Each structure stands twice: as C-alpha cells, then as structure tokens.
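**Student:** The lines below spell out each chain.
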Amino acid sequence: MNAFDSLMAGLSLVGNIQAVLALTIGVAVGVIGGAIPGMSATMAVALTLPFTFAMPTIPALLLLLGVYKGGIFGGSIPAILIKTPGTPASSATILDGYPMAERGEAGRALGMALWASCTADLISNLALILFAGWLASFAMNFGPPEFFTLILFSLTIIAGVSGESLLRGALAALLGLLLATVGLDLVYGTNRFTFGDPNMMGGLNFIAVLIGLFAIPEVLAMVLNPTGHLGKTRSIGKNWVTFADYRRSFKSIVRGSFIGVALGSIPGIGAAPSAFLSYSEARRTSRNKEAFGKGEVEGVAAAEAGNNGVAGATLIPLLALGVPGDVITAIIIGAFMVHGLQPGPTMFVMNIDIIYGLFIGLILSSALLFMIGSVAIRGFKYVADIPRRLLIPGVLILCIYGVFAVNNNLFDVGVMFVMGWVGFLMMRYHVPAAPFLIAFILGPLLEDNFRQAMLMSGGDPQILVRGPITWFFWVLTAVTLVAVARAGFRGVQDKVRVKTSS
Amino acid sequence: MRSKALAIASAIPLTFAATAALAEYPERPITMVIPFGAGGATDISARTIAKPLGDAVGEALVMSNVTGAGGATGSVAVQNAKADGYKMLFARVGSHTVSPAMKATLPYGLDDFRFVTVYEINPVVCAVRPDSGIETIDDLIAKVEEGGVSYSSSGVGTLLHIAAVMVLDEFGVEDPLNKVTHIPQKGGGAAATAVLNGTTTFVCTNSSALSSFVANDQLKPILVTTAEPVAGFDAPSAADLGKPELEQLVGWTGIAGPADLPDDIAVKWGEWMAEATADPGFVESMESFGSIVELMSPEEASAFIEGQYNTFRALADELGMRIEG
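Protein sequences, first through last, are from chains A and B. Per the UniProt record's numbering: the first sequence = residues 1 to 502. Per the UniProt record's numbering: the second sequence = residues 1 to 325.
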C-alpha cells in the first residue's frame, strides 16, 4: 500500500459524520473542561475515557484527542479572565493575559490566545505527521544526564520572567525550589519536611500552589482595599484581535510552536515548561521587552503557542514508540489498548489506515478548535464585564471548589490559602511570582535527573558531559548566563549614568 | 472550637442514622477513593469496574482520586473514615503490600484495613533491551555478577522495586542491593522507558505496561512470574524455571474499607463483586489491558494479601531494605 492508498484508507475512516461528530464533541468538552479551574485537561481526558470503551476505534481516539487539544486551549480562558489557570500549562498565559484583561482588552487577549493556539496546534500536528520517526529516535537519546542539562538551561528562563529586579526573581526561585523539596525522597523513599503529616508526604499539590500564588492575592487585595479598583475601566474594550497583532507576533508563535514540538516529543517534560520557555524567548528577542508582563499581546501569543505546540508532539513518542510522554497520553494509550491497538513501530505497518485516519483527524481538530474556541470566547468574555465586587467573590468560590476537586482533599485548600498569603506578600514587596512557579515545576525534575545520572555513573560527574546533547545545553546555558549578566551590568551602568547626569 | 461543637452536634443524629443505615446499606452514593492519579493502572482498573459494580450496587459510586506519596494519602483518607461502608478504597499491590513491607514510616499498616475483594491479577514480566546480549534470566544473573547492571522502578517501595530484588534473590544472587543499582523513576511508564533508552538494564513490571513494547520487539521478556505462560510474552514462566515462590510476585487490585467494617457490609461487597466481574464487557476490557480477572471472596482476599505481605516483609528484613527514616 503506497502513501496515497493509505491516505485514502485513512480518509474513509475519518470522512463520516460519526468521526467528525466525536472530534467536535471532544474539542467542545475539552474547551469547557479546561476552562473550569481545577478540572484541568488531564481530568477531562480521564473522565472521557470510559465513554470510549464502547465506541468504534477511530471516533473513540478522536474524541479523546479532541478533549486533549481543547483542554490545553481552554485553560487560557480563566488564566486571562480571572488570573486562575484552568490547566497548569496555561500558567504562563497569566503573565500578560491578565494585565490585558485588567486594561479592558480581554477580548483581544483571548482572541490572540486562540489564534496562537490553533497555529501552534497545526504546526505541531504537521511535525507529528512529517517527522514522527526522526523526532522519536532523537527523543530516545534523552537519558537523565541530557534531561539534567536541559532543565538546567530551562532554569535560565527565570531571568526572563523576573521583571525589574533579577535579585528578587532569584529570591522567588529559591523559595520555589525550597518548597518543591517537600514530600518523599525519590531515591531513598524517606520523608522530607513532612512534619509527620501524611498529607505532606505527596508534596504540595501543584494546582493548589499555582492558584494560591496567582488568584488568591487578588482576592486578598480586594478584601483589604475594597474600593481600590473604582475608577479603572475593566470591560471587553477593543473586541477582537487584529491581523496586525497576529503578524507582529507571528515569529514568536512559530518559535513557540517549535519549542513545543521539541519539548513535547521528549517524554516527561510537559506543556508548562514549554510555555514558559517560549514566553521568555519571545521577551528576550522582542524590541519592547519592557512591555512584557504588563499586558503585551505577543506574550500571550508566545505562551499559548508554547503549550499548544506540545499537544501534537506528545503523540510522537506515543505513536512511534508506544511511550507516553505525559499523564494525558498515558490515558490515551489505555484507549488504544482497549481497542486492541499496540502503539509503536508495528502499528505503522499493521494499522497504517488508522494512523493516517488519526493524522487527518488531528489536522481537522486544529480547524475545529478555531471554530469552537471562537464560540467559547464569545460566551466567556462577558466574564470581564462582571463588576469586580461580584467577580472576586465568585473567583474565590471557584478557586476553593477547583482546588478541592483536583484531589478531593481539604488539605490542598489550606495549601492554597497559605500560598495565597505568600503570594500576597510577594506582590506587596514586588517579588515576582513566575520565577517561583518555574522553580517549583523544574526543581524536582532537576534534582531527580541529577541523582539518577549520579546513580548511573556511580557518582562520576563526567556523565553530565557524555554526549553532544549535553554539550549543546551546557553551551546554551553558558551563553544565556553571559547575556543575562551583561544585560544586568549594562542596567547598573545606565543607572549610574542617570545618577551622574542628573 | 466551633468545628468541635459542630462535630458533637452532628454526631448525635448520626449515631441514630448509622443503625438505620446498616439495615438497608447502601441508601446513598458510596465514595470510592482511588489513591493513584488519573490514567494509572489502578485508575483505569477502577473506572472499568465502576459501571458493572455500580449496576450491582444499585447506588451511584463516586470515583475520587486522592493521590500522593505512592498511594499513602488516599489510603489514610479511608483508614480514618467511618466504617459505615460509604467510603471505600481501591487497594493496590504497591500501596498495600510492598509499601507496608518496606516502609516503617508509613502512617498505616495492613491491620488498618478490611479487604473485601481482590478482583484483578497482573502477571509480572522482567524485560531487557533486545540488543543487550541478554537472552535468558541466566544471562542476566551472569551479567549481574560481572557488575554494572541496573534496574528501574516507579519509585521506592513500589512493586517494581521489590520485584527486581526478589527475582535476583530467588536466582541466587547474593547481596543484590549492592551488586545492582536501583534507579527509581517517577511512574511506571518512565520505568519502562528507562530500559528502552538505555538508562537501566532491566525492569520487572506488570505485563500490561510492557505489552506494546514486547509486541513491537522494542523490549525482550526474559521471565514471567505466573505459573502459566502469558499470551504475547515469549518467555519462560516461574514454574518452568522451577521457582514456584515467584508466583507470589504479582500485581493486584482490590477493594478495602476501614479495619472495623462490619461483616454484613463485607458480605454484601462479596456478592456485588461476583455480579460485577461476571459482566462480559468488563472481563473483555480488563483482558485487553493484559490483566487476569480473578475474583476473591473477602476471606480469600485477606489471606492472599497477608501471604504476599509476609513474603515481601521477610525479603525486606533479610536484605535490610526497610526504610526507617
């Protein structure tokens, strides 16, 4: 069977109303699930799984993939509107999305999020279709030493999201690294900073920390100063993103998509680091760096491109090797197995029609995401019109419900409130929250991979420079550090010059 | 202070309610705690049985994932629950035999639960890379004696951790803890991937986690721990190799309540499970995951779990694997 025949066979599997309907429902469910804080894309996919057992193969898989794609985009809606990421991957979207909503540009931010998501989704799907085999074998070269150097490099993002003061950013990052050490030690299985409480043994819940850090400080600020917002406009404002915005951000979107594809094809990283990396790269190369973090539309575009770029690429190790890259694809593998499919190289031989069917369905999903996303935005954007005195109590209820729902554990709600006060104090003293979060995500990865590498080599640090991939990331880290140091140095010089001239 | 007053106030009507409830259990939805994350082996198993079990029970089953610390967080939630049968736990090999056998710091023990059933058995398979030059378990043992062999697991105190050690111990490796390196990973998927990308030499894990890798010739199975051969895995069984003790080494999923769960409730669960596991759709789904549906009554389940725990505990004590800190 040649490629054309396979394509036709795939088309015949997808080209029926049932398959398209499953995909449409999937995307819609995903967008709504992603938009509910605490529900998250992962939970939405897990809840959909049992429904697919009785369905035919192709609609079942497309339904799940639709939920996945929709969920990753849906998370950006509450991130922009109420500073509460619906799914961890959209935490980078807050940085510029929420300031835009504050300024009355919620519609523009949401529109850009959608356009960037769909573009990245399409690029990611094309990468899957064209380069799956090649990218998968590349990803298999990533052992613990390679991971360690990659994560080390990713930590330099902190410099990009620290805002005015690198020192304050570093302080926030240290705090994040510290809190990430709570829980069970990976290698020895002993308790760390759990104070004998079983609830602490699992570590601090990521979503509780996330929502506590971003959304709760807004609530606290409102409680302490109930009339502070009066006089500020906060409406939908300029309704929709313009094509000029899109063209201006296009480079960042494409870059973000490729970052997403690269990180997505490597199992075990996930969408949140990709979004942050894409964001910090967009800021670094932008001409108006100063605007980032204060409501720059390109920041929203970069963050959303980064996380949606992952969504197609995580299927690369899944289909090419049978390796699930994250929790969501692990659930999707379950669906493959229920339908008697074994993802991996032989599936490209035995079930090539299904593979092509999935490819066509994925391309279709980008278009469906655009349509369903537009409708969803039209519905959700009126949230921005709600007066703040009504909105904030609503946000608080949503946060409590959302954090509880993640794990059905009241302890997590407590963690959220404690982190809320931490976040509030950080806001008061101009310590940025984003570096805290990045360190909290990357810290455990850094530590685990370092220790795994040391176990592999019996304690010999030479393993950390064992191949070209590690060299590449060491050089990249060094270059970035030098650039950051030089920029910092220049900043000091500028300040001195301003002082002497005045 | 207020919460205490509230608790006392609400306890009074509850004591009356409890006696009434026993007569016609269940009269309201039952919360089923899944102590592992969405998409894991326990979660998929739990959600697969949810439908037929819910039909048998006649009341809604509320599936709730309470994750963290290798299943400990969710297990503690049920350990401390009222023994009225309205909060039950999906117990799993890792959280209920391996962890109790290996971790002195665990906030619960086997005595804190009453097991009402075990309904799923997962054979354990040891696998290596096809290009590793290891063809049989004897090759692996020879290589262990040379040194430089490592294995991956999904964390300390998991089935994968003790499985590799137990296999080496059974095949006569002295002091396996120091001869091979344990490289824990986060999760079962990552443990299999670690063998695939050459980070570790071998892994012993549930057959379901390896079936697609074996079908695709990416990994080579060298041992299955059941008495019978496992379909799709071209490797000798424990019985073939004359190691019947290894047949203890299997994964399982069951259901448990708090320790003082009344007898009549346990009996009811036994009946419901018999009905649920007879559902052909359920059996078919479970088998497609590579699991064996094997229903145990409350007594059989307790005896099975106790037996496995004692085996693991003896091994952990003998080799000094207990984690005290």
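I should point out that these hints are in silico values taken from the structure, not numbers from a laboratory. Since the model is a prediction, treat every value here as computed from it, not as a measurement. Glycine included, every Cβ here is placed at the ideal spot set by N, Cα and C. Hints are not guaranteed to be accurate.
With the Cβ distance kept under 7 Å, some of the chain A side facing chain B (calculated, not the full set) [stated by the list, open to error]: (1) A46; (2) N191; (3) M201; (4) P324; (5) A330; (6) P345; (7) V349; (8) N351; (9) A405; (10) N407; (11) P468.
Computed list of lysine to any residue pairs in SDA-like fashion (alpha-carbon distance at most 20 Å, straight line) [unchecked claim]: (12) B:K186 - A:A9; (13) B:K143 - B:P130; (14) B:K179 - A:D460.
Cβ pair distances, simulated, as ranges [said to hold, decoys possible]: (15) A:L130 - B:G281: 54 to 60 Å; (16) B:E135 - A:L410: 40 to 46 Å; (17) A:T190 - B:A259: 23 to 29 Å; (18) A:L410 - B:K186: 24 to 30 Å; (19) B:K82 - A:N225: 53 to 59 Å; (20) B:D263 - A:N225: 37 to 43 Å; (21) A:K251 - B:G133: 44 to 50 Å; (22) A:Y429 - B:K186: 45 to 51 Å; (23) A:W421 - B:K186: 54 to 60 Å; (24) B:A274 - A:L425: 29 to 35 Å; (25) A:R389 - B:N80: 48 to 54 Å.
**Student:** Does each hint fit the structure? Answer for all of them.
**Tutor:** Okay, the hints, checked on the actual structure:
1. The criterion of a C-beta within 7 Å of any C-beta in chain B is met by A:A46, whose closest approach is roughly 3 Å, and the hint holds.
2. Using the Cβ-Cβ criterion of 7 Å, the hint placing A:N191 at the interface with chain B is satisfied: the shortest such distance is roughly 6 Å.
3. The interface hint given for A:M201 is met, as the beta carbon of that residue sits about 3 Å from the closest beta carbon of chain B, less than 7 Å.
4. Against a cut-off of 7 Å between C-beta atoms, the interface hint on A:P324 holds, since the closest Cβ of chain B lies about 5 Å away.
5. Because the smallest distance between the Cβ of A:A330 and any Cβ of chain B comes to about 5 Å, under 7 Å, the interface hint for this residue holds.
6. Interface restraint check for A:P345: the shortest CB-CB distance to chain B comes to about 5 Å, inside 7 Å, so the restraint holds.
7. With a least beta-carbon distance of about 10 Å to chain B, the hint placing A:V349 at the interface is violated under the 7 Å criterion.
8. At about 12 Å, the closest approach between the beta carbon of A:N351 and any beta carbon in chain B exceeds 7 Å, and the interface hint on this residue is violated.
9. Given hint, A:A405 at the interface with chain B, is violated; its Cβ is 9 Å from that chain's nearest Cβ, farther than 7 Å.
10. At a threshold of 7 Å, the smallest CB-CB gap from A:N407 to chain B is about 6 Å, leaving the interface hint in force.
11. A least Cβ separation of about 16 Å between A:P468 and chain B goes past the 7 Å threshold, and the interface hint is therefore violated.
12. Restraint check for B:K186 and A:A9: the C-alpha separation of about 39 Å exceeds 20 Å, so the hint is violated.
13. Restraint check for B:K143 and B:P130: the C-alpha separation of about 15 Å stays at or below 20 Å, so the hint holds.
14. Restraint check for B:K179 and A:D460: satisfied, since their Cα atoms lie roughly 18 Å apart, inside the 20 Å limit.
15. The supplied range of 54 to 60 Å is broken by A:L130 and B:G281, whose beta-carbon atoms lie about 39 Å from each other.
16. About 53 Å separates the C-beta atoms of B:E135 and A:L410, a value inconsistent with the hinted range of 40 to 46 Å.
17. For A:T190 and B:A259, the Cβ-Cβ distance of about 27 Å falls inside the hinted range of 23 to 29 Å, so the restraint holds.
18. A beta carbon spacing of about 26 Å between A:L410 and B:K186 agrees with the range 24 to 30 Å that was offered as a hint.
19. Distance hint check for B:K82 and A:N225: the Cβ-Cβ separation is about 44 Å, which falls outside the suggested range of 53 to 59 Å.
20. One distance hint, 37 to 43 Å for the beta-carbon pair B:D263 and A:N225, is violated here, with the actual separation near 60 Å.
21. Taken as a hint, the range 44 to 50 Å holds for the pair A:K251 and B:G133, whose Cβ atoms sit roughly 49 Å apart.
22. The beta-carbon spacing between A:Y429 and B:K186, approximately 34 Å, falls outside the hinted interval of 45 to 51 Å.
23. For A:W421 paired with B:K186, a C-beta distance near 30 Å fails the hint of 54 to 60 Å.
24. Taking the beta carbon of each, B:A274 and A:L425 are about 57 Å apart, not inside 29 to 35 Å as hinted.
25. Distance hint for A:R389 and B:N80: a CB-CB separation of about 40 Å, inconsistent with the stated range 48 to 54 Å.
Of the numbered hints stated above, those contradicted by the structure are hints 7, 8, 9, 11, 12, 15, 16, 19, 20, 22, 23, 24, 25, listed in ascending order.
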